Amino acid sequence: SQQGEEDPQALSIQEGENATMNCSYKTSINNLQWYRQNSGRGLVHLILIRSNEREKHSGRLRVTLDTSKKSSSLLITASRAADTASYFCATDDGNNRLAFGKGNQVVVIP
Amino acid sequence: EPEVTQTPSHQVTQMGQEVILRCVPISNHLYFYWYRQILGQKVEFLVSFYNNEISEKSEIFDDQFSVERPDGSNFTLKIRSTKLEDSAMYFCASSVYEQFFGPGTRLTVL
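Heads up: the protein sequence lines correspond to chains A and B, in order. Going by the numbering used here, the letters in the first sequence line up with residues 411 to 520, in that order. Going by the numbering used here, the letters in the second sequence line up with residues 384 to 493, in that order.
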């Protein structure tokens, strides 16, 4: 089955800096979704990008998708302390079952 | 804003006991899901449910597990005879397209 894999695993940045994390997967997808998880809490849906899309924006988030390389990136611009969380990519192969990566831990230092 | 809710937030049970985890999906959503996250591991798909029947299930979802939509609003996951390795955070999700997750139920099997 598909596996989203994020890279890097942990990122520590200063408030105001940009944070970029990457995700790779192995097979064809219908869409790719990014989620945020604060420690011990639920998964918050951030953004969905379809396989025929290359880039998508939502507020301070920018997601890219390169289906030829089977990879996606999530950029958080002008980071805030409240952005401290784990970020997961999840792939949907069209069967509505999401395959999650291991997650990136992002720490934004005030 | 509508959200997925789950009860209880934390369930402690003895090995071999039956547990029922409850979820109220977002009201106009058509697809419902259960995922689990063992501490420190990836979020894993368990089962998806559409039109009152299971549409997909993973290899984790064996005969010990069952799902039900007993009325128009609730969606439940039953584990018949819990094992130590069932200890995890269980997330319910619902979708029209993007999957929206509930806050999770932390299940601890002693």
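By construction, these hints were calculated from the structure, which means they are not laboratory data. Computed from a predicted model, the values in this text were never measured in an experiment. The beta-carbon is built from N, C-alpha and C at its ideal position, and this holds for glycine as well. Be aware that one or more of the hints could be misleading.
Unchecked claim - Going by beta-carbon spacing under 8 Å, a handful of chain A positions derived as facing chain B:
1) G426
2) R451
3) G452
4) L453
5) L458
6) S461
7) S496
8) F498
9) N505
10) A509
11) F510
12) K512
13) Q515
14) V517
Comparing the hints with the structure gives:
Taken as an interface hint, G426(A) does not check out: its beta carbon lies about 28 Å from the nearest beta carbon of chain B, beyond 8 Å. Nearest Cβ of chain B to the Cβ of R451(A): about 6 Å, under the 8 Å cut. The hint holds. Against a cut-off of 8 Å between C-beta atoms, the interface hint on G452(A) holds, since the closest Cβ of chain B lies about 4 Å away. The criterion of a C-beta within 8 Å of any C-beta in chain B is met by L453(A), whose closest approach is roughly 4 Å, and the hint holds.
The interface hint given for L458(A) holds, since its Cβ lies 5 Å from the closest Cβ of chain B, which is under the 8 Å cut-off. Hint status for S461(A) relative to chain B: violated, with the closest Cβ pair at about 13 Å, above 8 Å. Against a cut-off of 8 Å between C-beta atoms, the interface hint on S496(A) is violated, since the closest Cβ of chain B lies about 10 Å away. Of the supplied interface hints, the one on F498(A) holds, with its beta-carbon coming within about 7 Å of a beta-carbon of chain B, less than 8 Å.
A distance limit of 8 Å between C-beta atoms decides the matter here; for N505(A) the minimum to chain B is near 6 Å, and the interface restraint holds. The beta carbon of A509(A) comes within 7 Å of a beta carbon in chain B, closer than 8 Å, and the hint placing it at the interface holds. The beta carbon of F510(A) is positioned within 8 Å of a beta carbon in chain B (closest approach about 4 Å), and the interface hint is therefore held. With its C-beta approaching chain B no nearer than about 6 Å, K512(A) sits inside the 8 Å limit, and its interface hint holds.
The closest approach between the C-beta of Q515(A) and any C-beta of chain B is roughly 12 Å, which is over the 8 Å cut-off, so the hint fails. Checking V517(A) against chain B: minimum C-beta separation of about 17 Å lies over 8 Å; hint violated.
Checked against the numbered hints given earlier, the structure breaks hints 1, 6, 7, 13 and 14 and satisfies all the rest.
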